[in-house]
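Colleague: Chains as they are written, first to last, in my numbering: chain A, 1 to 257; chain B, 1 to 257; chain C, 1 to 257; chain D, 1 to 257.
Treat the hints with care, since some could be wrong.
[To be verified] Taking lysine-lysine pairs in the BS3-like style, the calculated list, with each CA pair at most 30 Å apart, reads: (1) D/Lys233 x C/Lys255; (2) B/Lys184 x A/Lys56; (3) D/Lys71 x C/Lys187; (4) B/Lys128 x B/Lys118; (5) C/Lys152 x D/Lys118; (6) C/Lys118 x D/Lys184; (7) C/Lys122 x D/Lys71; (8) A/Lys56 x A/Lys122; (9) A/Lys17 x B/Lys17; (10) D/Lys184 x D/Lys128; (11) C/Lys187 x D/Lys187; (12) C/Lys17 x D/Lys184; (13) B/Lys28 x A/Lys184; (14) D/Lys255 x D/Lys187; (15) C/Lys207 x D/Lys184; (16) B/Lys17 x A/Lys184; (17) C/Lys118 x A/Lys233; (18) C/Lys4 x C/Lys49; (19) B/Lys122 x A/Lys44; (20) D/Lys17 x C/Lys233; (21) A/Lys255 x A/Lys122; (22) B/Lys255 x A/Lys71; (23) D/Lys71 x C/Lys138; (24) D/Lys44 x C/Lys255; (25) B/Lys138 x B/Lys207; (26) C/Lys128 x C/Lys141; (27) D/Lys118 x C/Lys44; (28) D/Lys122 x D/Lys187; (29) A/Lys184 x A/Lys44; (30) B/Lys49 x A/Lys255; (31) D/Lys4 x C/Lys184; (32) C/Lys184 x B/Lys233; (33) A/Lys207 x A/Lys255; (34) C/Lys118 x D/Lys118; (35) C/Lys71 x D/Lys255.
The hints are simulated quantities; they were obtained by calculation from the structure and are not laboratory data.
4 protein chains.
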Amino acid sequence: MTIKEGDYVLMLAPDDKTFLIQVSEEKKLSTHLGMLIISDVIGKNYGDKISSHLGKEFYLLEATTWDKMMKIHRQTQIIYPKDASIILLKTGLTAGMTVVECGTGSGSQTIALASTVKPGGKVFTYEKRDEFREIAMKNVKSAGLSEFVEFKSGDARDGFAERDVDVAVIDLPSPWDGVPAAAKSLKGGGRIASLSPTFNQVEENYKHLGDNGFIYLETVEVLVRNLLVREGKTRPTQRMISHTGFLTFGRKINKDS
Amino acid sequence: MTIKEGDYVLMLAPDDKTFLIQVSEEKKLSTHLGMLIISDVIGKNYGDKISSHLGKEFYLLEATTWDKMMKIHRQTQIIYPKDASIILLKTGLTAGMTVVECGTGSGSQTIALASTVKPGGKVFTYEKRDEFREIAMKNVKSAGLSEFVEFKSGDARDGFAERDVDVAVIDLPSPWDGVPAAAKSLKGGGRIASLSPTFNQVEENYKHLGDNGFIYLETVEVLVRNLLVREGKTRPTQRMISHTGFLTFGRKINKDS
Amino acid sequence: MTIKEGDYVLMLAPDDKTFLIQVSEEKKLSTHLGMLIISDVIGKNYGDKISSHLGKEFYLLEATTWDKMMKIHRQTQIIYPKDASIILLKTGLTAGMTVVECGTGSGSQTIALASTVKPGGKVFTYEKRDEFREIAMKNVKSAGLSEFVEFKSGDARDGFAERDVDVAVIDLPSPWDGVPAAAKSLKGGGRIASLSPTFNQVEENYKHLGDNGFIYLETVEVLVRNLLVREGKTRPTQRMISHTGFLTFGRKINKDS
Amino acid sequence: MTIKEGDYVLMLAPDDKTFLIQVSEEKKLSTHLGMLIISDVIGKNYGDKISSHLGKEFYLLEATTWDKMMKIHRQTQIIYPKDASIILLKTGLTAGMTVVECGTGSGSQTIALASTVKPGGKVFTYEKRDEFREIAMKNVKSAGLSEFVEFKSGDARDGFAERDVDVAVIDLPSPWDGVPAAAKSLKGGGRIASLSPTFNQVEENYKHLGDNGFIYLETVEVLVRNLLVREGKTRPTQRMISHTGFLTFGRKINKDS
């Protein structure tokens, strides 16, 4: 696949450091291993390499959803790809579906959702703090996903405008603030997912989920541990992220069905 | 959404046990909480409930990708949804892409891949043991995903017919048997993922990945731990799955680029 | 070391199953790999073997503290050796010290404490349920540690008789019931450890610890994961114990010092 | 307990930072929360407090074995208390026993072993690098345990002088270098423990353990996860130590018994 102006390319340095850049004819990228002329990548293919002015070779890679999430500009604690992965498969989100997200934060989860519902689907993402929404919009644009996302302002307690959505993802300090709105927005059998760092939030949220017609509640924690693979001396890495949050899932039932 | 004949419905019992059934006019489902008449669900909506002959209420839910994977008929060790989730996001697989999988096994990973590439994409899945391919075909059919999967026989060492694929997923006892074939099938910058239970397989596989033009190698292990949430007495569950396998990822480069 | 009548011996079967027996001249031990004549072990040394009537060889081993804890008769959820290990080192319990334990339960933690304070030290262990105390007494006797343990009845809320103890270990459903008594029993700088399965217990206990002059509070969870080692196919075991309890530690200060 | 000159005291700052000091009449301790006059602690009791020149209160605590291990001067990767804890209980080491350790390193494990075998027992610890032995000797002295430790030079491959020891602990890059020597030193039924970071070391070590008369082999990994307890917002800490090493255990049998 030939790379052209406007494309987003993941540049891989010899030491596995990566840089996510948008191709334009003028830009230079200054790295710890020398200067790169970005316009050099035009006409190259993914999988090809270019050299820095110090002669170090950088490979040109397509950014995966995981890469895009890890490369965003962060103003807030982001939702990690490990957690987003589990949310996507457990809620059964696929192309063409509609999903409501609240709050947007820096947009890392928004990128995962939009990558999954495209084409034909849509992410409606609510954020009441304007400055975060601005950043999230830039991040989603850098991921090439703007057409699948509608950014909305407003507070979850005022409700979501959408109806019959497939999935609702709540990432609020008080997740229960979004539960009644999610219940109204979701179709029968629709899935809710929420992420909370503390067990107290989870416990409190269960009451609201139950009161708002959610059943089949389940909470999990996801740990990803890296293995350091070297011939004859392979071992788990010495440090890891121990906790980001608990993920709670439920399904919307129709009252008086 | 109104349920009609032929649909696949997840029936949720009052004790959170689930049954994945295909709706037909005649079938009955015998459960630990009484008999259900399957034709009763026709015309109901997802999120509605029906009663067993013992008066127990079962909710009608859409099966998510996770549900479908856990409900398949197993002849082999399956790939768990927790691992498939991470594979999907790390490889950046999305709608419209093509992916080669080898081997198919019982088809749980195939279901995850097909759910993700639809519409417009395709999973080419290789399995040399005919009896497993038969089961996988049934499982993929039950998940409603047959049109997005092409089942193929043959040994990975003979190569894959497909070219310029986006992603290759290898689940073989000797994953390196599939590495040269994956290298030929993948486009530049394409992603490989392989799953292996032992340290030794991972270590050996790294040599073959390096020899076949794969870079940016990374290996992770995914642990999902359930939280038992009850008001005033919330705690992690007492037992968990400690290990299914190590997931190894890499990217295909163009030699002599 | 020659084995004599009255000794406790751990018999190791060829498949790594173990039996903890007390040597007497008459007993027979019926196992899945044949009958063993217990008197055969008299005059043997640890590390020697005997044969069952089916010709299977059993090795004679000294029982470690860990073995003794795992072999007790259980009427209650026991404290696992993994947790006891951490309690011992974090509280700095060593030979000659005095420790108050509440409640005794089946006595597994009592065995760990007694093994550590001997010789010269003492474990005072409180249990209000007579039937558990009976079992714990037998278990401690089987571990050969009776002389280092004083079993006491009574409720923690009525206080402990001992003063200036080095360490207090609380294993109660409401650990705070034992906190004021522990505070009175401990010397300045003495350590408290308590084990609780739920987050809620830990959180509530912190208030009582703070109110009763405990500082430097810390809570940990201990996970032990087994590795299945076989040449060329080594991997973590597939299932593990995910959670037994949270361990909370603190130090007693002197008020108005 | 009154603190006197020469005692080792753990000073706890208001922010839970700790300082392990030996009491002498002249020393001052400079901390981030002001200067402390060490001679002020003489005549105080454990659990009392003193003030820095900035008016910050520091509590005087007895150092536990865990504290002592974490406070040593490190020239090498130390054995962590979490791992030492499990080694002590699984090998059944108690007061009065003899144990051979190889290599000494910075002496953290030596401190754990010496705390456990005192009184009446002895740790014989081998280290071939003189500069490490010097540091370990100072660390063991600071822990007040010198009389229970005999420091020895020499290479494990030349054997250990001791016979009929209860426990051998091997911490070498090639643990099998110490296995034949441990086999000769241990009594029948004696326990070996070794710590290795990589799975390759474990796998290779199993062959040597088997060849040298060790049975009942078991390998575990210990993870300790901290809980951050704050009222209404309790959660696991965000980062943790993922891996220090694998612990392998075995028992010595008598050949031709």
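Colleague: For the pair supplied as a hint, D/Lys44 and C/Lys255, is the alpha-carbon distance within the 30 Å limit?
Modeller: holds (13 Å)
Colleague: Starting from A/Lys17, check that the Cα of B/Lys17 is at most 30 Å away, please.
Modeller: violated (46 Å)
Colleague: Is D/Lys4 close enough to C/Lys184, meaning Cα to Cα at most 30 Å?
Modeller: holds (24 Å)
Colleague: Are A/Lys207 and A/Lys255 close enough, with their CA atoms no more than 30 Å apart?
Modeller: Given pair A/Lys207, A/Lys255 holds - Cα atoms ~17 Å apart, limit 30 Å.
Colleague: Compare the distance between the alpha carbons of D/Lys184 and D/Lys128 with 30 Å, and conclude whether the hinted pair is satisfied.
Modeller: holds (19 Å)
Colleague: For C/Lys184 and B/Lys233, compute the direct alpha-carbon distance and say whether it is at most 30 Å.
Modeller: The hint holds at about 28 Å.
Colleague: With the threshold set at 30 Å, check whether the alpha-carbon distance from D/Lys17 to C/Lys233 stays at or below it.
Modeller: violated (44 Å)
Colleague: Could you grab the alpha-carbon distance between B/Lys184 and A/Lys56 and see if it respects the 30 Å cut-off?
Modeller: Given that 30 Å is the threshold and the Cα spacing comes to 26 Å, the pair holds.
Colleague: Between B/Lys138 and B/Lys207, is the straight-line Cα distance small enough, at 30 Å or below?
Modeller: Violated. B/Lys138 to B/Lys207 sits at ~36 Å, over the 30 Å cutoff.
Colleague: Has the given pair, B/Lys255 with A/Lys71, been kept, meaning a C-alpha gap of at most 30 Å?
Modeller: Within the cut-off at roughly 27 Å; holds.
Colleague: Taking 30 Å as the top limit, are the C-alpha atoms of C/Lys128 and C/Lys141 close enough?
Modeller: holds (19 Å)
Colleague: Just to be careful, I want the Cα atoms of C/Lys152 and D/Lys118 compared with a cutoff of 30 Å; is the pair within it?
Modeller: Holds: C/Lys152 and D/Lys118 sit about 28 Å apart, inside 30 Å.
The structure fails hints 8, 9, 11, 13, 15, 17, 20, 23, 25, 29 (numbered hints given earlier, in ascending order).
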